[in-house]
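Novice: These are the residues of each chain, in order.
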Amino acid sequence: MDDVSSVTQAVRQLFGNIPLHTSTPEGWAVQHPATYTLVWFMAILIVFVPLTTRQFCR
Amino acid sequence: MAKRNLINIKRVPDLLVFTTFQPIMFVLLFVYVFGGAITVRGSDYNKFLIAGIFAQTVIFGSVIIGAGLAEDILKGIVDRFRSLLMSLSEVLFGRTLSDVVNNVIVVIVMSLTSLAVGRRIHTSVMQALGGYVILLVFAYAFSWVMAMMGLLAPGPEVVNNASFTVIFSFTFVANIFVPIVTLPTPLGTFASG
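So the sequences go chain by chain: A and B. Sequential numbering of the first sequence, starting at 1, is according to the working numbering. Sequential numbering of the second sequence, starting at 1001, is according to the working numbering.
The hints are simulated quantities; they were obtained by calculation from the structure and are not laboratory data. We put the beta carbon where it would ideally sit given N, CA and C, even for glycine. Check the hints yourself; a few may be wrong.
Selected chain B positions facing chain A (Cβ under 10 angstroms, derived; list incomplete) [to be verified]:
1) 1048
2) 1054
3) 1069
4) 1083
5) 1085
6) 1120
7) 1130
8) 1145
9) 1151
10) 1154
11) 1158
12) 1171
13) 1176
One-sided and incomplete, this derived list gives chain B residues near chain A with beta-carbon spacing under 8 angstroms [stated by the list, open to error]:
14) 1047
15) 1050
16) 1160
17) 1162
18) 1165
Which stretches of chain B does chain A cover? Using the computed rule of at least three CB atoms under 8 angstroms from a CB of chain A, they are [unchecked claim]:
19) 1087-1098
20) 1132-1141
Bound-form chain A, shown alone (with noise of 0.2 angstroms):
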């Protein structure tokens, strides 16, 4: 739900910046951060780039 969280993990992934021996968090999101990044990116354009300029052009 909270991309910020799954930003942030993936950034910590590819930094190799995670640390040892923490529990790895539950959900699909944390867990594939870097997808679900992508994904939310492209679900927020397609939603936000009509509907903002829509607004925006009235």
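Based on the hints, put chain B in the right spot on chain A.
Specialist: Chain B in isolation, oriented as in the chain A frame:
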């Protein structure tokens, strides 16, 4: 249109100063204020924290777009664009694009600051670049959300207040500052998705 906003950065250099100082401040504040008091099991807190600060800072930066749009509307600049028969969607794409440029600067500054406080990236160059792309991509999507808030709000001040209410809930009920496992169940569910 993106150029107009970037020129604005050149004309109002204070904006660039704060754009660069804010991420430095965030990294230093959290590392030195929280870093001493909080421990995350199995790691030092700073190592845990840095990625979160990166995410938080690019989110905070996106408030500017909403306030900027609200101000453009209030000042009648949008009406002027309209009378020039400019495509208004260009205004939005320009704004969001200049946000990306802004975020690139912010991310570079934060990386240098983290380096200065002794944080290193422990993976390959490609992976690190992947991390940066994820951050920028995420911030780009967030810019569009904040742009919508800017259009719906009656004025720039309202945008600020409304955005920060949303942003604070999203950044604090997440794994930026604390591991999700430490959150109470409902918040943990929200945070982990």
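Novice: Check each numbered hint from earlier against the structure, then list the numbers of those it violates in ascending order.
Specialist: 4, 5, 10, 11, 16, 17, 18
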